[in-house]
Amino acid sequence: MMSISATANSEERSISGAHVLIPGELDLSHGVALYLDAINVSFDGFKAINNLSLTIDAGELRCIIGPNGAGKTTMMDVITGKTRPDSGTAFFGQTFDLTRMREAQIAHAGIGRKFQKPTVFEQHSVFDNLELALKADKSIWGSLFSRRNHEQTERIEELMELIRLQDFCHRPAGLLAHGQKQWLEIGMLLAQEPKLLLLDEPVAGMTDEETERTAELFISLAGKHSLVVVEHDMEFVNSIARKVTVLHEGSVLAEGSMSEVQNDARVIEVYLGR
Amino acid sequence: MDMLKKLYGPTGWAAILVALVVMLVMVPVMALLVPKTSAFHLSAYTVTLFGKYLCYGIVALAMGLAWGYGGILSLGHGLFFSLGGYMFGMYLMRMIGGLGQYGSNLPDFMVFLDWKTYPWWWWGTDHLAYVLLMVVLVPGVLAFVFGWFAFRSRIKGVYFSIITQALTYAAMLLFFRNETGFGGNNGFTDFKFIAGFPVAAASTRAGLFAITGLVLIVALLACRFIVLSKFGRVLTAIRDAETRVMFCGYNPLPYKLAVWVFSAVLCGIAGALYVPQVGIINPSEMSPANSIEIAIWAAVGGRGTLLGPIIGAGIVNAAKSWFTMSFPEYWLYLLGLIFVLVTLFLPQGVMGLLNRWKRT
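Listed in order, the protein sequences are those of chains A and B.
Here the first sequence is numbered in the numbering used here, starting from 1 and rising by one per residue.
Here the second sequence is numbered in the numbering used here, starting from 1001 and rising by one per residue.
Incorrect hints may have been included.
Derived pair list, reagent style EDC-like, types lysine to aspartate or glutamate, alpha-carbon separation capped at 20 Å [stated by the list, open to error]:
#	chain 1	residue 1	chain 2	residue 2
1	B	Lys1116	B	Asp1126
2	A	Lys117	B	Glu1179
3	A	Lys82	B	Asp1190
4	A	Lys195	A	Glu212
5	B	Lys1116	B	Glu1179
6	A	Lys47	A	Asp77
7	A	Lys82	B	Glu1242
8	B	Lys1052	B	Asp1190
9	A	Lys117	B	Asp1240
10	A	Lys135	B	Glu1242
11	A	Lys82	A	Asp44
Simulated from the structure, these hints should not be mistaken for laboratory data.
Just so it is clear, the structure is predicted and the values come from calculations on it, not from any experiment.
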């Protein structure tokens, strides 16, 4: 009886055009992947984030620039649950209230993060790094008793090819070059199959060729994923950016295309002009 | 993990198990069947000594799993060992029956305190099955509660170690008090029977040795299963980069808690096997120095391996047995020196040394 009435109810709702929100499931139907509103974070009186509001559309590739201390990394900490904001709203899609979730839950919901300093499991092989990141049952029982299946192995091999580390499959990640570690971390992010990727200085320490390939990869990812890239390398930003947000002293100073932002008088004053 | 596989593949593991099983059979045979006049006869004292080392081996294995793989350095593992020992000691005290000094049904120390009945926490301790359950549950539940609060508050590294040290010290002070009903500073001793067998008989000693060896083998296989599973790789990943693990979608809390509780339970079982063989348990087993020694076994043997800590426990305790007979007052200095030397020159312990030899 219960199930019949529930079905009838949901049908009724969809007929009337009301949108059904299902908690625990990502809902990007309004076209917004990330919604930050009036976020404030302060550390011992220092306002790291000051009334920050920002919206990232589903499938968008957004670059965020700003001088040191502008609050870029703190903003990522808020989004990924590492730091709780003092006030403000942070939503992932329509359903996930990020201010109420723990790091692992947020990662599970579909937000992947690459750190400023490449963080991989140095003692583990490239293969193991990717396997650990792979979307799977991540409970202790799942880890104890499940065995890797064929599709998962294939997926890992695919990823190794994408990040061009297939020849280093068994090498401990700690022995990789800096640029390769960056790539491995990006690969681990993709293994999680996230909907939103936060990338903190992804091309730091990469050669020009690697940087170029990273740009291509990010452009190809946009559309299916939403990407937020924090970067200091202006040439790189210029090569991938459609829309750029400039952060300054914890809030948005300007937003627009690269050329708009570059010609903004306030931006020139605080950042580019120096 | 790769190193582990290289060090001992399936053949290596088979060889280790065969060696352990041979020892398990040979020691009782040499103690019971070989005539006393033969050079191959083992005295009850020697069997007990070996059994004691095996108990330490289980503790070292538990330490190696939590510290070497989980990065959780406990300086309070002696507490879990002692709790297992005390739980089993309560059973052994009940089995003395009316054979104590005062001829009472109560243990001598209770008669001495003028107690008329057993306090409530001694309930059920005359049943072996109940006691065996408690040997697992008491250390396990304590580790769970303590670990849950500590890991949830993200206490780690040296802070965690110091709190575990304080925990075992506090417990020691508690057990020293007569009114807590654990025999005060004398603890439990003068055991007579275990499951109907006389504790001191050579056959009982040999049996206890064999059981201890079996438990060690099962524990080793269980740890191997854990370490080689994906759980083990997540665990070492938590040790090396906990934040990354969280952002990969794992909650580190249940992982750390599981390995911590498992490690504590192994210690409790080892303690329960230790007490009937050594014949005494008292609060000094909970002294901070004892727990530190356990960490030294693991460091000497080699962290990040499973066999290393067991070997380390053997080496350090063999040195201890000999040294405390010859130069008893200098043992702690030597122990400290061993630790400093190993840390400086053998960060991978004896296993690292073997590995280096194997490569050259």
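Checked hints:
{"no.": "1", "hint": "B:Lys1116 <-> B:Asp1126", "verdict": "holds, 17 Å"}
{"no.": "2", "hint": "A:Lys117 <-> B:Glu1179", "verdict": "violated, 57 Å"}
{"no.": "3", "hint": "A:Lys82 <-> B:Asp1190", "verdict": "violated, 56 Å"}
{"no.": "4", "hint": "A:Lys195 <-> A:Glu212", "verdict": "violated, 23 Å"}
{"no.": "5", "hint": "B:Lys1116 <-> B:Glu1179", "verdict": "holds, 13 Å"}
{"no.": "6", "hint": "A:Lys47 <-> A:Asp77", "verdict": "holds, 14 Å"}
{"no.": "7", "hint": "A:Lys82 <-> B:Glu1242", "verdict": "holds, 12 Å"}
{"no.": "8", "hint": "B:Lys1052 <-> B:Asp1190", "verdict": "holds, 18 Å"}
{"no.": "9", "hint": "A:Lys117 <-> B:Asp1240", "verdict": "holds, 15 Å"}
{"no.": "10", "hint": "A:Lys135 <-> B:Glu1242", "verdict": "holds, 18 Å"}
{"no.": "11", "hint": "A:Lys82 <-> A:Asp44", "verdict": "holds, 17 Å"}
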